[in-house]
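Protein sequences, first through last, are from chains U and A.
Last residue of the first sequence? That's 440 in the working numbering, and every number before it is there in order.
Last residue of the second sequence? That's 424 in the working numbering, and every number before it is there in order.
Keep in mind that the hints were calculated from the coordinates and are not lab data.
Glycine residues also receive a C-beta, built at the ideal position from the N, C-alpha and C atoms.
Careful, some of the hints might be misleading.
[Said to hold, decoys possible] Within a straight-line C-alpha distance of at most 30 Å, the following computed BS3-like cross-link-like pairs (lysine-lysine) qualify: (1) K424(U) / K220(U); (2) K246(U) / K175(A); (3) K332(U) / K284(A); (4) K227(A) / K284(A); (5) K284(A) / K269(A); (6) K175(A) / K269(A); (7) K388(A) / K246(U); (8) K175(A) / K332(U); (9) K388(A) / K220(U); (10) K344(A) / K371(U); (11) K324(A) / K344(A).
[Stated by the list, open to error] Derived coverage of chain A by chain U (criterion: at least 3 residues anywhere in the stretch with Cβ under 8 Å from a Cβ of chain U; other residues may be distant): (12) 131 to 141; (13) 151 to 164; (14) 221 to 230.
[Unchecked claim] Here are some, though not all, of the chain U residues that point toward chain A, as calculated from beta-carbon distances under 10 Å: (15) L227; (16) E235; (17) E339; (18) P365.
Take a look at the letters that make up each chain.
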Amino acid sequence: MTRQSFHEGLKQLNEEILREASLVVEAVDLSTQALLKSDRSLANSVIAGDDDINELTLRIEGNCLALQAQQQPVARDLRLLHTCLLVSLHLERVGDLAVNIAKIAKRLERTEAAEPYLELLGKMSAQALEVLRQGIKAFADRDARLANSLVEIDEPIDEMYKEILTRLLHPKGELEAVESTEWATHIALASRYIERIADQVVDMGARIDFLVTGKLDGRYFDNEPDKRFGE
Amino acid sequence: MTAGVIILILASAVLLVLVTAAVTSFVFRRRERACIAAMPGMEAGGSIEAVKALIAGLAEQASNTNALSTRLDQLLAGCPLPVLFLDESCTITALSNRAEEELDQPRRRRSLLETLGSHELEAAASEAMATMTPVEITVRLYAGGRRPYRAQLLPFANEKRSECLVFLQDTAQITDYGALRSQFAANVSHELRTPLAGIRALVESLNEPEIKPEESRRFLERIDLETARLGQLIDEILFLSTLEAGDTNMLEGKSEAGPVANSIVGKLKPLAAERDVVLKNSIPDGLDVLLPERMLATVLNNLAENALKYSGQGSHVEIEGSSEAGRIKITVRDDGIGIDAEHLPHIFERFYRVDKSRSRRMGGTGLGLSIVKHVVESAGGEVAARSREGYGTEISFMLPGGTTSGTIT
């Protein structure tokens, strides 16, 4: 493989990551829409579409390994291959979380009391899509500053997540009284999945920062989420 | 003399129908015409399709002469639609100003995937260029949130290279100009026909030779009521149309919420007494909103009147206000019968009625809450409704504003 074809390979890899990102954004968008509109067919399309994301992830992993083995890159090229592999895995995980939300959309029985929570979930998912959009932009533009700012864009999601859990445990008057534990569990899980989506993207931001600066930030490898994001 | 009055009323009603239809059609077309008129070289009365044809025609020939290329640039600068030019590798080579303004930072010399992040649009462009046939798809793109866009992709060949022209159109706007217009016209004519049918029946009864004087007086009073409702309906349609046409002059100014709410409570006192409902204003002094007094009064009046009419006998209606981070939140809350969850998401739609027979009996036009939503959103605010059957309803809106001592943002 010549140096020129190596760079061609890197370019192709970059495009594959962006294609995977586009599929994942669509999955998150449609899964939350399915949840908010109780649309089972939309939920089914998200679940079916996850195979494409998984297939693309495997292809990206294969291409990363092949390029590493054949070219033995160093410095920035090595970091790029490493980052592509990890970003792809983070995106794949986000796709799985979207599938989880789609499955809840199929099971959730809407009650009047669930409506305020669904409204909040709608706001959470809009913010999660914003984190995802900025994360992808940070990767496409190799923008370390934007990558590091993802933690801040993620903050309102953590706040809304806490609000949902608090309100489920301590409803505000009759309007929000929890009538059954079933829908309350689904709402709590859905909010957790959306919160995890944003966290995956924040982690992705740390990988992008490493790609650009070459420095590994220990915060992101802490096992306790409380320490990592100040939850 | 009675027959003369009746003929006059009927003639006015028919005239109102015709005027409304004309106004509706005019307002819906006005925005489209304004977009076209703003483009260099386009005559008023042209259509979006004509603009697209003009750009596509110029794009095919533009590489040959500089003059054509300049003309194409001018057209792209004034084009009311987001338009992108792509090369064979789906890299953006040129784009309209509208694309830069509306979409999520599309940039020249960057690929579709890198900037707009849509694999579907990329696949459609590749297909169009490979087969040299136009492709049309609906994709979701970022434009202040993810929104559905109709994308028309027209491939063309310049010497040995393939290129693709992408026209994008927000599907919500397509709905505005098409389906929404016909649905609105159908609703308007239905709403006008109902009081007209009532008036006609009353007129027939009045023409009976054996009608008693007290009966004819009662019938004339009802005709008076129905024509007043028709007048109110026309006023509200025109008001909504002016707001939709983007006239923001009427939204400029500020007012203090407390005194405006007090005047509404005073005005609605007789209605509250008639319905046996307790109406109360608890907005504290010193809350200023960025909305002129007349507009705030319209919003509060519609919300409070609605609550009075539909909360049920013996209920309580309260208007509350608070300041939250540079915004003012005003809530109209009742402890009445509530609204079914099935209806709640639709209550701000024009002519939507939860209980059709009941709301007509109450004299509503079906536009009150729609006006509230339009006024608040046009002034940069948002409305929200919560309800539970049997427990009550609360409708709140947030508007830019502040306390008298603080700053208005």
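To see whether the hints hold, each was checked on the structure:
1. K424(U) / K220(U): holds, 23 Å
2. K246(U) / K175(A): Judged against 30 Å, a Cα distance of about 48 Å means the pair is violated.
3. K332(U) / K284(A): violated, 38 Å
4. K227(A) / K284(A): Violated: K227(A) and K284(A) sit about 35 Å apart, past 30 Å.
5. K284(A) / K269(A): holds, 25 Å
6. K175(A) / K269(A): violated, 62 Å
7. K388(A) / K246(U): Distance of about 21 Å is within 30 Å: holds.
8. K175(A) / K332(U): Not satisfied, since the Cα-Cα distance of roughly 49 Å exceeds 30 Å.
9. K388(A) / K220(U): Roughly 48 Å between the alpha carbons, so the hint for K388(A) and K220(U) is violated.
10. K344(A) / K371(U): Holds: K344(A) and K371(U) sit about 23 Å apart, inside 30 Å.
11. K324(A) / K344(A): Holds, at roughly 23 Å.
12. 131 to 141: holds (count 5)
13. 151 to 164: Holds, because 4 residues of the region 151 to 164 of chain A bring their Cβ atoms closer than 8 Å to Cβ atoms of chain U.
14. 221 to 230: Check failed, 0 qualifying residues.
15. L227: holds, 4 Å
16. E235: With Cβ-Cβ at 7 Å, under 10 Å, it holds.
17. E339: OK, holds: E339(U) within 10 Å of chain A, min 8 Å.
18. P365: violated, 13 Å
Checked against the numbered hints given earlier, this structure breaks hints 2, 3, 4, 6, 8, 9, 14, 18; the rest are met.
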